[in-house]
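Visitor: What follows is each chain in one-letter form.
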Amino acid sequence: MAVACTEAGEQGKAYPTKPISFIVPWSAGGMTDMSSRMASAVWQKALGQSVNVVNRTGGGGVVGHLAIAQARSDGYTLGAVTVDITLLHHTGITDLTYENYTPIALLVNNPAAITVRADAPWDSLPDLLAELRQSPGKLQASGTAKNGIWDLARMGFLKAAGMEPSAMPWVPSQGAAPALQELIAGGVDVVTAALSEVDALRQAGQVKTLAVMSEERLPEFPDVPTLKEYGMDWSVGGWVAICGPADLPADVQASLDSTIRVAVQDSEYLTAMKNSGATMQFLAGAECKAFMAKQDQVNGELLKANE
Amino acid sequence: MSVLLSWEGILALLLGGFYGAVFGAIPGLTATLAVALFIPVAFFLDPIIALPAIIAISSVAIYAGDVGSAVARIPGTPASAAYLSELHRVARKKGPFYGLGISAMGSAVGGIIGTVLLIFSATTIASLARQFSSFEYFWIAVLGLAAGIFASGGAPIKAFVSLLLGLLLSTVGIDPTLGHPRFHFGSPDLLGGLNYIVAMIGLFGFSEVLEHLFNNKEEKYEAPQKVEGAAGQFYFQPLLLIVREKWLVIRSSILGVFVGFLPGAGADIGAWVSTSFQQMRKKGEEEEGEDDRIILAGTSSNNSAVASAWIPALSLGLPGDTVTAIVLGVFLMKGITPGPLLFEQQPDLLWSLYLTFLLANLVLLPFYGFLTARMAAFLIKVPFKLLLSFITGLCIVGAFAINNSVFDVWIMVGMGVMAFLLRRGGFPLAQVVLGMVLGPIMEQNFMVSAIKSKWDLMSFFERPLALGLMVATILIIFLGMRYRKGFQSAKS
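Quick mapping for you: the protein sequence lines, in order, are chains R and L.
Residues 1 to 307 (this note's numbering) make up the first sequence, in order.
Residues 1001 to 1492 (this note's numbering) make up the second sequence, in order.
Calculated directly from the structure, the hints in this document are not laboratory data.
Where hints are given, some of them may not hold.
As the list claims (entries may be wrong) - DSS-like, lysine-lysine: derived pairs with alpha carbons at most 27 Å apart: (1) LYS1454/L x LYS159/R; (2) LYS146/R x LYS1381/L; (3) LYS1454/L x LYS304/R.
Claimed, not checked - Short, incomplete list of chain R residues facing chain L, as computed with Cβ under 10 Å: (4) VAL54; (5) PRO121; (6) LYS146.
Stated by the list, open to error - From the structure, some residues in chain R lie toward chain L, with a derived Cβ separation under 7 Å: (7) GLY58; (8) LEU66; (9) MET163; (10) ALA167; (11) VAL171; (12) ALA177; (13) LEU201.
Cβ atoms here follow ideal geometry from the backbone N, Cα and C, with glycine treated the same way.
When you get a sec, could you build the whole thing from the sequences and use the hints?
Guide: Spelled out as structure tokens, the structure:
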């Protein structure tokens, strides 16, 4: 027994004896789905067992998140937990919180950005802020559902600028793509979705991005200034963390931890992620848990203040 | 372009078509799912191989959705539900080769017309698509619903009731705009809403099984099932029909292109509006060949819409549906920028895309179409009693596969029982699916428009494009009523 315990490597090899199901709470083709599929494609090499991605969509992400939390804690059902787990329970839609999971690793954290039409009269963030101060409530923003992550980005942005949430009201949408369609068609004025999501339209010359809500400028987008550079202390992103249900056995956790560390170093994975425009941020185990706890607290305060 | 015609490109096209045919023919396995399963492979492939495969998968899968309609009255996609009874009737009377021949040849011609429009007017259509805001999408959804009332061969009032039932079912779950939970009765599964594909499998597939258990009578296939002469029935006769009905095909295909870029439901609405037009034009219930024309109208417009769904993606960088979202992902991974620049900087890539669309429609549809029709001819020979257990199995697997959820299997069974009862009252089933597909689109765009305009409802009529779509909706309702009146007085 003692021998078996000390030989953690042996046990780690023993753990995945059959394929692993990987639940994605969002639909195929989206950012969460694509990063999950790319990560699982390389992760299964390190694990020695296949990792099958299944989409369990609906209920604003509740259905899939619930499926991960309620799975057996044997390590054969894992999933992608997204930033929404720190938002949904504050609005009373579900009782699920980040504490219902065993965090394995944070994979991506795509910072929000402030995007306007290419022919909009504001060429920089101060121009837009001046307009918002002059006629509060005139401009409208969109990007996702009400109280979703990009709505939260808007709330934090307005708070950091010392303005009321009503200075730029929210128009709910089904996601970033319909919101961008509205932006182009002249239906809304600002989109606060992730820079990676607006990149295609940005490169096509249809929109311009005034600022990104990250700590530092993104290496892929060196020309986009941060809010920090304008003296506003606010950063937020849409993140994806690989998690299992609560109380995964220690040996399973150890095996997953060591293999995911190998997987995210894979050069094919790095290239694919870089090209997709996703901003990678890797935090494993306890660090990932601390990150999720911090997010839950900050986002909860902001949502409560905006009720 | 030489790269496309390499053996890798051709092989990708052929394998993609086969894969699409299998997924399209099995209820519950959709074109979107087929493409999604292909993603991890696509991302590591050269786009010149990945893109032909994706085009082949989606083009063939939309056609293959008709195979289930012909054999067992189970449509593979909501788009093929629009002309389900007609196709089933034709396949029964004149044989599966002829029925599926109209479907495959009509799809091919519709797809080609769609592609030609894509080649010559992508930028024009794109500038139109650019002006579509939530007001226009709202009216398109209403237009599709109005068309749904008159697309059924039966009494419009019953179609209307079915449509309202579908709309009611679509309100289950979290409200898409403000996030209020509705009709969930504390169940987290219901919080996610009812999936329309699961509903479709129950409504058509499982209810068919119940119907046979209850009635226990064998449907007769009147046409000879010999394989000799099958090619003539599959290729030659439908082509003659298309030549004879060329204006109908052209009209339906153009219509498919112009509603095809509606995210999520373009192909479905295209098929429904075309079918409904054709229903209005028919002069009497018994007119010879009317079913053929209705199938032709629906099938040509849903395939032309497949091509036009690519227009916003290519020219604006906006994905219209999940398939094009994945395509955009492939583009970005390979450092290709969609948008107006694509047309200037990557003419080679663009032309190989066009060529692939043409090849998929010219070669793949006729080829796989014939293979699936042969399979259908074989299945039709099997006594339906023996197929029942097989169909039940397919229904369960299909309902489960949509969202990997056992709960959905029960929803499917419930829908089957409901459909069994609806049939007793002569209520059409396809309209229930249409209501479930368009309900969320209509609701979402209504709410977004209302919030945007601070509940100034006049704004629904202020934009010229929105006004035009409203006029088209009223026109459909007006024509539909008129046609019905004429029909009823002629009968009495």
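Visitor: Run every hint past the structure and note whether it holds.
Guide: Cross-check of the supplied hints:
At roughly 23 Å between alpha-carbon atoms, LYS1454/L and LYS159/R fall within 27 Å of each other, so this suggested pair holds. Distance check on the hinted pair: LYS146/R and LYS1381/L sit about 54 Å apart at the alpha-carbon level, beyond 27 Å; violated. The straight-line distance between the Cα atoms of LYS1454/L and LYS304/R is roughly 24 Å, inside the 27 Å bound, and the hint therefore holds. A least Cβ separation of about 5 Å between VAL54/R and chain L falls short of the 10 Å threshold, and the interface hint therefore holds.
At about 19 Å, the closest approach between the beta carbon of PRO121/R and any beta carbon in chain L exceeds 10 Å, and the interface hint on this residue is violated. Look at LYS146/R: its Cβ gets to within about 5 Å of chain L, closer than 10 Å, so that hint holds up. Hint status for GLY58/R: holds, given a least beta-carbon distance of 3 Å to chain L, under 7 Å. For LEU66/R, the shortest C-beta to C-beta distance to chain L is roughly 5 Å, which falls under 7 Å, so the interface hint holds.
With a least beta-carbon distance of about 19 Å to chain L, the hint placing MET163/R at the interface is violated under the 7 Å criterion. Checking ALA167/R against chain L: minimum C-beta separation of about 15 Å lies over 7 Å; hint violated. A cut of 7 Å between beta carbons decides the hint on VAL171/R: the least distance to chain L is about 5 Å, and the hint holds. Annotation: interface hint on ALA177/R holds; nearest CB of chain L at approximately 5 Å, less than 7 Å.
A least Cβ separation of about 5 Å between LEU201/R and chain L falls short of the 7 Å threshold, and the interface hint therefore holds.
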